[in-house]
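Model the full assembly from the supplied sequences, consistent with the hints where possible.
The numbering of the sequence shown is numbering that gives the first Met the number 0, which starts it at 0 and goes up by one.
Among the hints, erroneous ones may be present.
No farther apart than 20 Å at their CA atoms in a straight line, the calculated lysine to any residue pairs in the SDA-like style are these [what the hints assert, rightly or not]:
id, residue 1, residue 2
1, Lys120, Asp2
2, Lys105, Asp82
3, Lys79, Pro229
4, Lys203, Pro172
5, Lys105, Val64
6, Lys94, Val228
7, Lys105, Trp144
8, Lys203, Pro229
For each label pair, taking beta carbons as the anchor points, the in silico distance ranges come out as [said to hold, decoys possible]:
id, residue 1, residue 2, range
9, Asn121, Gly141, 12 to 20 Å
10, Pro28, Ser231, 44 to 52 Å
11, Met95, Gly116, 31 to 39 Å
12, Ala78, Pro156, 35 to 43 Å
13, Val228, Thr73, 30 to 38 Å
14, Thr73, Glu173, 30 to 38 Å
Keep in mind the hints are simulated off the structure, nothing from the lab. Glycine included, each C-beta is placed from N, C-alpha and C at the ideal position.
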Amino acid sequence: MSDRPVVWSYGGGTQSVAIACLVANGDLPRPERVVIADTGREAQETWDYTRDHVNPLLAHVDLVVEVAPHSLATVDLYAKNGDLLLPVFTSNGGKMPTLCSNEWKKRVIQRWCRAQGYGPKNPLAMWLGISVDEVHRAKPSGVDWMEYTWPLLTEIPRRRDECVALVQRHGLPEPPRSACWMCPHRNNAEWRDLRDKHPGDWVKAVALEADAQAKDGRDGGIYLHRQMVPLSEAEIDADNLDMFDACDSGFCFV
Numbered sequence: 000m001s002d003r004p005v006v007w008s009y010g011g012g013t014q015s016v017a018i019a020c021l022v023a024n025g026d027l028p029r030p031e032r033v034v035i036a037d038t039g040r041e042a043q044e045t046w047d048y049t050r051d052h053v054n055p056l057l058a059h060v061d062l063v064v065e066v067a068p069h070s071l072a073t074v075d076l077y078a079k080n081g082d083l084l085l086p087v088f089t090s091n092g093g094k095m096p097t098l099c100s101n102e103w104k105k106r107v108i109q110r111w112c113r114a115q116g117y118g119p120k121n122p123l124a125m126w127l128g129i130s131v132d133e134v135h136r137a138k139p140s141g142v143d144w145m146e147y148t149w150p151l152l153t154e155i156p157r158r159r160d161e162c163v164a165l166v167q168r169h170g171l172p173e174p175p176r177s178a179c180w181m182c183p184h185r186n187n188a189e190w191r192d193l194r195d196k197h198p199g200d201w202v203k204a205v206a207l208e209a210d211a212q213a214k215d216g217r218d219g220g221i222y223l224h225r226q227m228v229p230l231s232e233a234e235i236d237a238d239n240l241d242m243f244d245a246c247d248s249g250f251c252f253v
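Shown next, in the form of structure tokens:
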């Protein structure tokens with residue numbers, strides 16, 4: 000474990016909630032701060048779970064999940080060159096790169112940490128909730144004053160299924176996977192859940208896609224669903240096994 004002060008990047012999903020259980024139980028040391036980046040489009044179920052389950056748990060060790068606001072991002076849906084940041088599917092069978100997490104999470108968290116007084120003169124260790132089955136995602140921060148560390152890899156190794164079991168042993172429901180409501184990495188089951196349980200988020204996703212399509216200059220179009228049809232027309236009631244290999248580290252697809 001690093002001797003630097005620890006700030007924990009809370010992602011809102013299973014691995015993050017498992018870390019909360021370990022901290023509350025005294026199995027991991029208490030970090031100085033806990034922060035989540037507000038992308039401006041995080042699914043409501045993540046906020047609800049954090050409010051109803053995680054913050055009450057962390058209150059036992061005098062912690063609360065703080066929010067790094069989306070206003071710290073320097074770009075929103077589009078990069079400064081006009082490119083859409085979302086990993087949308089394209090009509091030619093391709094897929095755009097995932098640029099949103101870097102702009103809306105990684106850089107926002109760095110700016111938030113600088114605003115709290117961390118930096119070259121006060122370096123920190125940042126926890127990321129990457130589990131053993133996601134070890135390929137464990138990469139350096141690229142910033143000398145911010146050292147990434149992964150307690151579920153090095154301190155108390157756990158696979159994702161073990162994280163689920165740990166959370167359930169604490170009497171908490173299985174967390175939703177943290178994702179923006181318009182994230183193209185959702186599978187059919189997750190799109191159905193959004194439509195049926197969070198219709199407000201579903202309506203926003205459909206509207207965002209339509210707006211992005213209207214602004215897109217390429218032939219054919221761009222889509223949030225891998226079927227490459229408008230989200231409102233996608234066959235999301237069909238079962239599938241296309242669970243994207245996502246993580247709950249707080250930085251999405253690092």
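Hints, verified against the model:
1. Lys120 - Asp2: 15 Å, holds
2. Lys105 - Asp82: 19 Å, holds
3. Lys79 - Pro229: The given pair, whose Cα atoms are some 26 Å apart, is violated under the 20 Å limit.
4. Lys203 - Pro172: The given pair, whose Cα atoms are some 26 Å apart, is violated under the 20 Å limit.
5. Lys105 - Val64: 17 Å, holds
6. Lys94 - Val228: Roughly 14 Å between the alpha carbons, so the hint for Lys94 and Val228 holds.
7. Lys105 - Trp144: 14 Å, holds
8. Lys203 - Pro229: Within the cut-off at roughly 13 Å; holds.
9. Asn121 - Gly141: 12 to 20 Å: 18 Å, holds
10. Pro28 - Ser231: 44 to 52 Å: 48 Å, holds
11. Met95 - Gly116: 31 to 39 Å: 36 Å, holds
12. Ala78 - Pro156: 35 to 43 Å: Given about 37 Å between the Cβ atoms, the range holds.
13. Val228 - Thr73: 30 to 38 Å: 33 Å, holds
14. Thr73 - Glu173: 30 to 38 Å: 35 Å, holds
When the structure is compared with the earlier hints, violations turn up for hints 3 and 4 and for no others.
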